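Enquirer: Residue numbers (our numbering), protein chains in the order written: chain A, 6 to 446; chain B, 6 to 446.
The set of hints was computed from the structure by calculation and includes no laboratory data.
A pair counts as met if it fits within one copy or between any two copies, since identical chains are not told apart.
Listed next, the in silico SDA-like pairs over lysine to any residue satisfying Cα-Cα at most 20 Å (straight line): (1) Lys439 - Pro100; (2) Lys169 - Ala211; (3) Lys92 - Arg345.
Source: prediction; values computed, not measured.
Protein chains: 2
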Amino acid sequence: MTYDTLVHNGIVLTVNPDFDIFSPGFVGIRNSRIAALGPAAVGAARPQAAVCIDARGGIIMPGLVNTHTHLPMTLFRGLADDLPLEKWLHDHIFPAERQHISPATVGWGARLACAEMLLSGTTTCCDGYFLENQVAAAVADSGMRAVLGQGIIDFAAPGVPDPKDNITAARDFLAHCRSRSPLISPAVFCHSPYTCSAETLRAAKALAAEFGALFQIHAAETRQECDESRARHGVSPIAYLDGLGLLTPGTLLVHCVWADERDIARIAAGGAAISHNPQSNMKLASGIAPVPEFLAAGITVGLGTDGCASNNDLDLFHEMDTAAKLHKVRSGDPTACAARTVIEMATIRGAEAIGLGAVSGSLELGKAADITVLATDAPHLVPIYHPASHLVYTARGDDVREVFVAGRHLVANGRLQSLDVGEIRREVTAIARKIRPSTGS
Amino acid sequence: MTYDTLVHNGIVLTVNPDFDIFSPGFVGIRNSRIAALGPAAVGAARPQAAVCIDARGGIIMPGLVNTHTHLPMTLFRGLADDLPLEKWLHDHIFPAERQHISPATVGWGARLACAEMLLSGTTTCCDGYFLENQVAAAVADSGMRAVLGQGIIDFAAPGVPDPKDNITAARDFLAHCRSRSPLISPAVFCHSPYTCSAETLRAAKALAAEFGALFQIHAAETRQECDESRARHGVSPIAYLDGLGLLTPGTLLVHCVWADERDIARIAAGGAAISHNPQSNMKLASGIAPVPEFLAAGITVGLGTDGCASNNDLDLFHEMDTAAKLHKVRSGDPTACAARTVIEMATIRGAEAIGLGAVSGSLELGKAADITVLATDAPHLVPIYHPASHLVYTARGDDVREVFVAGRHLVANGRLQSLDVGEIRREVTAIARKIRPSTGS
Chain A
6 MTYDTLVHNG
16 IVLTVNPDFD
26 IFSPGFVGIR
36 NSRIAALGPA
46 AVGAARPQAA
56 VCIDARGGII
66 MPGLVNTHTH
76 LPMTLFRGLA
86 DDLPLEKWLH
96 DHIFPAERQH
106 ISPATVGWGA
116 RLACAEMLLS
126 GTTTCCDGYF
136 LENQVAAAVA
146 DSGMRAVLGQ
156 GIIDFAAPGV
166 PDPKDNITAA
176 RDFLAHCRSR
186 SPLISPAVFC
196 HSPYTCSAET
206 LRAAKALAAE
216 FGALFQIHAA
226 ETRQECDESR
236 ARHGVSPIAY
246 LDGLGLLTPG
256 TLLVHCVWAD
266 ERDIARIAAG
276 GAAISHNPQS
286 NMKLASGIAP
296 VPEFLAAGIT
306 VGLGTDGCAS
316 NNDLDLFHEM
326 DTAAKLHKVR
336 SGDPTACAAR
346 TVIEMATIRG
356 AEAIGLGAVS
366 GSLELGKAAD
376 ITVLATDAPH
386 LVPIYHPASH
396 LVYTARGDDV
406 REVFVAGRHL
416 VANGRLQSLD
426 VGEIRREVTA
436 IARKIRPSTG
446 S
Chain B
6 MTYDTLVHNG
16 IVLTVNPDFD
26 IFSPGFVGIR
36 NSRIAALGPA
46 AVGAARPQAA
56 VCIDARGGII
66 MPGLVNTHTH
76 LPMTLFRGLA
86 DDLPLEKWLH
96 DHIFPAERQH
106 ISPATVGWGA
116 RLACAEMLLS
126 GTTTCCDGYF
136 LENQVAAAVA
146 DSGMRAVLGQ
156 GIIDFAAPGV
166 PDPKDNITAA
176 RDFLAHCRSR
186 SPLISPAVFC
196 HSPYTCSAET
206 LRAAKALAAE
216 FGALFQIHAA
226 ETRQECDESR
236 ARHGVSPIAY
246 LDGLGLLTPG
256 TLLVHCVWAD
266 ERDIARIAAG
276 GAAISHNPQS
286 NMKLASGIAP
296 VPEFLAAGIT
306 VGLGTDGCAS
316 NNDLDLFHEM
326 DTAAKLHKVR
336 SGDPTACAAR
346 TVIEMATIRG
356 AEAIGLGAVS
366 GSLELGKAAD
376 ITVLATDAPH
386 LVPIYHPASH
396 LVYTARGDDV
406 REVFVAGRHL
416 VANGRLQSLD
426 VGEIRREVTA
436 IARKIRPSTG
446 S
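Excised from the complex, chain A in its bound form (with noise of 0.2 Å):
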């Protein structure tokens, strides 16, 4: 029995059910698929394999899943920060919003997102922006997986000058998108429910339906958003779409920091999952998530970065990180949201909550070959009691050497193989220097 490719001399990380750790273990990929793996024998051969590779001691674990990105929005990383909420928006990201945001600028500001994502073990993301197909030909180029959603705003937006098409199309881009690669999954990405009407979010939703696709929506994120939602509806942001019908399987409703108890019951009883983001929501003064009451209610919690403008970077190392220590400090209990929780919210429940937990999320057989390789000789790493309490502790996206999404060599050596990062830089620095002529090389 012989693999095209074998990941070899590591400690397995499967994030299976069971949380099984191999130590030393190893990966076979046989047509982009898991086709073995496990502990290694002591003294067994090593198994036959068109590519070995050696991961030196070092961590082999299941691709991470960052549940929600802008990506296009890297171009406007440390734009601007430490404003209030409504100055940051409307002085600064929406003004270089209509500005600068073009099918040029989108794709590359996307494929740096990209390349940041694959460089720090990020190997799935669901984003959600406009001009959503030149997001996807970039994600197509970079070789990543993806659920990618075309905006719907009750707004002109980027590619929809007119409000009225916004449905029609996010049609468009759900019927020829998956052209693009048998790694995309188109879906909907509705803004919120303080910028769509009623009418909007039900057509949207039923759009996704009728594609079988993600439907993705802004909930609950600031409390000034519950203030008005209560004033014009009379009930929470989540009780409002629960009104609509619209918190059942399929929908990923982002960011949910103000979500009270009946909330959280209104959602665990519908079946929608969450896209937790922690670093954003501290970084806009947003608040915290309660996640474990969430993970208490039986409901799906994946991880997100949120977009480049708003936390500043795409590391779900350091989110990973951020999460942990957040929900301890905010319930004063350090026993919450302890090292495998928070990894399987980065990885299978991740990608349980954007509809891809059978493909990919964790090390199992059958299961795409969407795999990360961590180098461990760093000192920060040093010693290694627990794998699992460096993943989330003290690794950090620079510890990535090796990634592989479908099978495919995308990060060698922590160099990326499908897309020109020098190219990338010169682009988007100079697409920067349009936004902000002072800005540096």
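Start from chain A and add chain B according to the hints.
Expert: Below, chain B without anything else, positioned relative to chain A:
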């Protein structure tokens, strides 16, 4: 005019009182000090220097200052996480310290810590532990700058089996440590108001004053500590220390999570400084220190990582990001702890807090050449609108390419020059296998 070393072709972030940034700029080093710095004049010839380091468009900044560490605790990195505080301490950390802390293990743990700190851009640390002379030997070998405090506690401790000898042991350390390295300032590390008697606390502060040394003490870390202080002494830990006359300049209060308005007024009036350790306070679920209130009261606040058992790394870039975001979400104010404020905490304010404000912590003429250079070509640092934003919100320890301490080039092109990382890894792994026999490589 020639220099020993010229660092050029980068963005110079001085962290001087005006927070001047020269883009591009240069720094000239002579006789271990900063002999010149400024913007690079267009068309001007490059200054003459024996060694020229091309920053390649990266960021040239003051070396970071970690105001609270327990360096040997790298040995326990990830040994036990996600546990209730008492169980973590009494079932894991204290037994491991009793059984495995010796002069030899302290030395290797401290070497590992120095390697990690230098490679992630930290040039100065303020440490407190036992067998601190072994820590001093390791720090001297590494070439770092440090304030090192021999531990004082009214219990048996490594190297001080009879607590009656704790002041004498600290005196010996103060008397003999400085000869190790001109870059080491000996200090006193009194464990806490709840593990030292009033007599010990007063004697320790008097000893520090006699030597002109820093007096470090953990204070007001947990709610339980505050409750017990009120029950035992009738006042908060800060008020108790104030009553003993310990809140004077030269005192560094570590944590201060549970400081109320009156405590803050006492600290400000007394002139003590604070070491803020946000990740440790989050991971142990201790709480969130009121840092914006400290700053508003005019208190000098530095940043610290705490020991590796409660963080689990020594990366101050990561700590800056956490500090900036945590205080935004705690206060509900996205302008709290802006990037500049946090960078100052991690550099000049930290240096001031540990008594080195005239020596290090900023790039200014005549100061020691303690310099960190970051590469900015990785995707997560593209584009650069504001270098200060990047240092806080997206840079990572791994972006550090060059580090100088007192003009000595300790990290060159990302490689540590002063210690053998491979040897340290082997020795620490061997120690870790004794602590937990199933430990990986």
